[in-house]
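The chain contents come next:
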Amino acid sequence: MVKASTTENPSQSVSPMQTFFIHLICGVGLAVGLWVAHNFYSISLISDPSRSLRLIWVTMCPLVILFYSCFRKNPEKCSYLKAVIRGVLALPIGALVNALGAIALGAPVGIQYFPKTVNWSLLMSLFTFVPAASVFGSSWEDWRRIFAHTKPNASVDYMICLPAHGAVIGAWFGAWPMPLDWERPWQEWPICVSYGAMAGYLITMVLSFVLVLARGGQQHPKAD
Amino acid sequence: MMEVGDWWRRGKWRIMVMLTMLHIVGILIFTRGFLLTRTELPYYSNCSDVSESPCFTGQSNPYQNQSNSHCWTRPAVDRLVIIVLDALRFDFVAPSTFFKESKPWMDKLRVLQKLASTKTSAHIFKAIADPPTTSLQRLKGLTTGGLPTFIDVGNSFGAPAILEDNLIHQLASNGKRVVMMGDDTWVQLFPHHFKKSYPYPSFNVKDLHTILMVFLFHVDNGCIEHLLPSLYEEDWDVLIAHFLGVDHAGHILGVDSVPMIEKLEQYNEILDKVIEVLDNQSGPGGLHENTFLLVMGDHGQTINGDHGGGSAEEVETSVFAMSFKKPPSTMPSEFDSSSCEIDLDQKKTCISSFQQLDFAATVSALLGVPFPFGSIGRVSPELYALGAGTWNLENNIEGNCPNQKEEEWMQNYCNVLCINSWQVKRYIDVYSASSVIGFSSEDLLHISDMYAQAEENWSCSSENLLSFKDESCYSSLPLKRKIDAYFKFLLNVAELARSKWTEFDLKMMGIGFAIILISLPIYFLAMMTKSVNGFSLLFGDSEIFVKLVFALFMVVIRACSFLSNSYILEEGKVASFLLATTAMFKLRNSVKREKMLMEAIIFLLLITILRFTIEVGLSKQAATSLFMSTHSSWLVEIDPGHPVWTYMAEIIPILALIFLAYLLYIIMARSSCRSIWKYVVLGTILCYILIAVHWASESDVLSSMLMLQGIGRNCIPRIIYAIGLGQLLLLAFSPLFHKDRDLESKMHLLIKTLAMLSSCSSTIIVLSGKQGPLVALVTITGGYCIMRLGNIERGSTDKVAGILTFDPLSVTQWSLLATCLFFVTGHWCAFDGLRYGAAFIGYDEFVLVRQAILLTIDTFGFSHIIPVFGLPFLVARQKLLGRTDQDRRLLHLQLSQMYLMYGLITAASVIATIICVIIQRRHLMVWGLFAPKFVFDVVGLILTDILICLAWFYYIGRREDGTQLTTLDHWD
Chain A
1 MVKASTTENP SQSVSPMQTF FIHLICGVGL AVGLWVAHNF YSISLISDPS RSLRLIWVTM
61 CPLVILFYSC FRKNPEKCSY LKAVIRGVLA LPIGALVNAL GAIALGAPVG IQYFPKTVNW
121 SLLMSLFTFV PAASVFGSSW EDWRRIFAHT KPNASVDYMI CLPAHGAVIG AWFGAWPMPL
181 DWERPWQEWP ICVSYGAMAG YLITMVLSFV LVLARGGQQH PKAD
Chain B
225 MMEVGDWWRR GKWRIMVMLT MLHIVGILIF TRGFLLTRTE LPYYSNCSDV SESPCFTGQS
285 NPYQNQSNSH CWTRPAVDRL VIIVLDALRF DFVAPSTFFK ESKPWMDKLR VLQKLASTKT
345 SAHIFKAIAD PPTTSLQRLK GLTTGGLPTF IDVGNSFGAP AILEDNLIHQ LASNGKRVVM
405 MGDDTWVQLF PHHFKKSYPY PSFNVKDLHT ILMVFLFHVD NGCIEHLLPS LYEEDWDVLI
465 AHFLGVDHAG HILGVDSVPM IEKLEQYNEI LDKVIEVLDN QSGPGGLHEN TFLLVMGDHG
525 QTINGDHGGG SAEEVETSVF AMSFKKPPST MPSEFDSSSC EIDLDQKKTC ISSFQQLDFA
585 ATVSALLGVP FPFGSIGRVS PELYALGAGT WNLENNIEGN CPNQKEEEWM QNYCNVLCIN
645 SWQVKRYIDV YSASSVIGFS SEDLLHISDM YAQAEENWSC SSENLLSFKD ESCYSSLPLK
705 RKIDAYFKFL LNVAELARSK WTEFDLKMMG IGFAIILISL PIYFLAMMTK SVNGFSLLFG
765 DSEIFVKLVF ALFMVVIRAC SFLSNSYILE EGKVASFLLA TTAMFKLRNS VKREKMLMEA
825 IIFLLLITIL RFTIEVGLSK QAATSLFMST HSSWLVEIDP GHPVWTYMAE IIPILALIFL
885 AYLLYIIMAR SSCRSIWKYV VLGTILCYIL IAVHWASESD VLSSMLMLQG IGRNCIPRII
945 YAIGLGQLLL LAFSPLFHKD RDLESKMHLL IKTLAMLSSC SSTIIVLSGK QGPLVALVTI
1005 TGGYCIMRLG NIERGSTDKV AGILTFDPLS VTQWSLLATC LFFVTGHWCA FDGLRYGAAF
1065 IGYDEFVLVR QAILLTIDTF GFSHIIPVFG LPFLVARQKL LGRTDQDRRL LHLQLSQMYL
1125 MYGLITAASV IATIICVIIQ RRHLMVWGLF APKFVFDVVG LILTDILICL AWFYYIGRRE
1185 DGTQLTTLDH WD
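In the order they appear, the protein sequences are chains A and B. At position 109 of the first sequence the residue is numbered 109 (the working numbering), and the sequence of numbers has no breaks. Quick note: to get the working numbering, add 224 to the position in the second sequence (first position is 1).
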């Protein structure tokens, strides 16, 4: 919460350190989820995808919502609590959008896939929708700027835009091995798609940090 | 230089025609190297033919005095029992000591192993099949003694009956009574040859798991039921029993499964009983005094139970042969090529190798019937020895030569080989004389040389060999040399035939591929002829550039997906996945511009529907062709028992049809169109009404209600075909009626497109069955969405700078949608994916050309004909600009570029398929998957090319084209 107080300025600029911190927290959250699943429940994404995904999103959910809410837009008009609630509300909505998208692309539908799809889409929602909802709320302009135009301006834009795109593109590529006849357990829905999404998410978080760093480096001389 | 450029610019239609020719030539050359073809000859061997052979000349004919009692060779066995166990792996039969490690499925057919190790009259062979290792092709190969190839020219479509000379035909025409039981493939292949047959269907239903578990243990019951009683009967000479259980168990559960082992145990019992019966009756004067038993597989299978390809597991099957003649015959040691192992019971088992190619010749020789005309096999020495042994065994006991028996046998065998070689030589000569693609003259010369060497002036009979006789016994040396010469000849012929009929001609494939590849840069050049500095303009417009890159990425990734058999199997899903991806890209664009969000979402929903429909189709494909009727793929899942569903299934297509007609009427009413187009569209509306009546009269629910039964079943479809043809002719000659150029606007183009599409649609819908109107609605909605979404940017910029005057992504989407529609309409890229039922709508009798045309229209209707002719819709509604010359030229430029782009996309995916078949030509599934996919793609490409040419003439016209494009150069 120390961080929160430092970011309460209206310009809502985020220092590279903060970006690094947030991304680290998210990445660690992801890793902790996997680790807990593996060590305490002795399940993995392959053996029990639905429960593992649930563990991951449950671990990540408070981290993402609480920390991204610190960087909410217009902090003077919008309380921290409101931002958190926005994030919580966005979780199921984003999950629905992700699930519909996945089904349009060919995700299997059926009663045995239902929990897997739900948990996967909740995780995807955390990667994509929830940070944006916490930060921007229902500001249509900002959403459009981030997701349709892909024109991030501020550092916080990078932090939302890049990982979200990375997760979606990673999931898209992750779907490709599914039809292959290798008969490996990880080719099942949604295991490799989740791996792809996580890989994309992690890679783009690093990228986002690098870009924020580069931007900070650019802006400093200007400020001087 | 100037002239070339001028020609290039003036005659884009020429480029399209040139590309078509290029594709056709390239594909023909490639196909000649890849799809191995063999011409079936309509000739049959006759008993009397043998007098032409050199084998019986002069006094040397050893059987001269008894020439009436036999035909070509002297019959060695009286009765033959062939038990075919489908997909019998070699290691099911051979003792496990032959293999590195023992597996649970080995040593289950113990009765065969026991006999092979204890009796000299029983022997196990490893039989090598020639791929493709599917039952039908194998049975064909076994009975004709030839090599089956992917396309047997002369094979009629729908009816697989063998028209070539074959073993069963020879048996039947030489008075042998053949009884068949088991797999009904035999009855399909030989519809009139059996004296008695008990066929049982060879269902191949993978998905109906529970039913099959029951079914699996009943599949052979019919066969078992008839087999044992038949063995006591006297009314047959050859008995064929074909058991399917092992094949089914393999397909469903794989080799390493409990049911497979149980099945093998069951066969062990049956075989035990069969051999017991035969053995009991084999005494002198008994029913099976001289009976020969063959237990054989038609092909092997992999551990997963698949077969079809050329891997060792699939081609290696086995033959167990046993003679019940007493005393047992022995085999001369010098032709024994077997390898022996000590089995678990410390007994020696020997296994020899045997080519399935030799089966027809060997069995013919054993039974004394003429060899099938097209057989290129050789009489296998081991198998022949088992059956034939020595005839004069009893008479020759007093001989003082130890080799006497053997020498006699060899003489006889030499004679058989003589006839065999003569027959093979005759076939090769006739084949190369009458076939389009014969053997090369060098090969023929080589073969003739070898035959002449073998013939020389020897004869197999002892008279000629007397000079080589030593003191007391015949020397078998010259005989052996002669037999070796025959062997050499026969093996050479087989080798040549294999290389000609089952090996790829890489040079031809390479040339063909290169020719097709040339077309790619031509497409690009033709698309870019407008301006030399096209690239700078291209990069200037980032929006178009991003789209172009994205579109190309989609095309490339789809092309790459063909490199794996899994993606080819799921091609429909891949296409819908990519289509959905492009739709999401478009959705993003429309969010960006805050326009046409509705269309984007509808399009996504449409793709979701398509996606589920494709999955229904894919599950049907897995369940093979059980549902192969004109029934719609959309309605297959609906429980037919429920009356409401039946009612819905009848009524919904008709409602959709009425809606389509209404839609057409509305568009006609709104547009101020000229008479000729009006008549065409009115004709289509009439057709729709006729189709609705036709379906209503066919359905039980509606016809009883509406009293429509009286209308002829074939009448309406024929009227519809006639109207469609008339409309097309009218459209083709429409330029004669309309000379005024004022109408060359987008509105006019829209009407033109509408007229063309509507005149094609009625025939396609009636052929597609009840799914037709629904698919048509989907196509219209999809096309509308693509068109609307493609025009998002048009509003902002009136004149499009850059070399591309259209949205490349729209064309890509249109092509992907076309691919999806192919799968949605219940097709897939395999020959059982053709809906044969569609060919008989409106006709009962079979006429090859007519039915083939109908089948082509059904197969490619929604996926090729409608999309190509409907492509102008993507530009037609953009903006109804003024009717200036500039606009018209821009429109034509757009159209021609779009057609080129569409052709490019199709060509790119076909090129990927071709690369894939070149790489995978030795793949397991090459005949099962890649080759059919190749055939479908190639036919699709040629059809697309031709349709694009026709559409070009129809929409753009060739005279105007040149002037427009040249003037356009000065335009911007």
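Hints in this document: simulated from the structure, not taken from any laboratory. Since this is a predicted model, take the numbers as computed values, not measurements. One or more of the hints may lead you astray.
[To be verified] Computed spacing ranges between beta-carbons, pair by pair: (1) B:812 to A:42: 38 to 46 angstroms; (2) B:1071 to A:181: 53 to 61 angstroms; (3) B:741 to A:47: 17 to 25 angstroms; (4) A:80 to B:1143: 53 to 61 angstroms; (5) A:42 to B:741: 52 to 60 angstroms; (6) A:76 to B:780: 44 to 52 angstroms; (7) B:817 to A:207: 39 to 47 angstroms; (8) B:536 to A:38: 53 to 61 angstroms; (9) A:46 to B:818: 36 to 44 angstroms; (10) B:328 to A:88: 51 to 59 angstroms; (11) B:829 to A:169: 50 to 58 angstroms; (12) A:203 to B:843: 51 to 59 angstroms.
The beta-carbon is built from N, C-alpha and C at its ideal position, and this holds for glycine as well.
So, going through the hints one by one against the coordinates:
{"no.": "1", "hint": "B:812 to A:42: 38 to 46 angstroms", "result": "holds (41 angstroms)"}
{"no.": "2", "hint": "B:1071 to A:181: 53 to 61 angstroms", "result": "violated (41 angstroms)"}
{"no.": "3", "hint": "B:741 to A:47: 17 to 25 angstroms", "result": "violated (47 angstroms)"}
{"no.": "4", "hint": "A:80 to B:1143: 53 to 61 angstroms", "result": "holds (59 angstroms)"}
{"no.": "5", "hint": "A:42 to B:741: 52 to 60 angstroms", "result": "holds (54 angstroms)"}
{"no.": "6", "hint": "A:76 to B:780: 44 to 52 angstroms", "result": "holds (50 angstroms)"}
{"no.": "7", "hint": "B:817 to A:207: 39 to 47 angstroms", "result": "violated (27 angstroms)"}
{"no.": "8", "hint": "B:536 to A:38: 53 to 61 angstroms", "result": "violated (42 angstroms)"}
{"no.": "9", "hint": "A:46 to B:818: 36 to 44 angstroms", "result": "holds (43 angstroms)"}
{"no.": "10", "hint": "B:328 to A:88: 51 to 59 angstroms", "result": "holds (56 angstroms)"}
{"no.": "11", "hint": "B:829 to A:169: 50 to 58 angstroms", "result": "violated (23 angstroms)"}
{"no.": "12", "hint": "A:203 to B:843: 51 to 59 angstroms", "result": "violated (37 angstroms)"}
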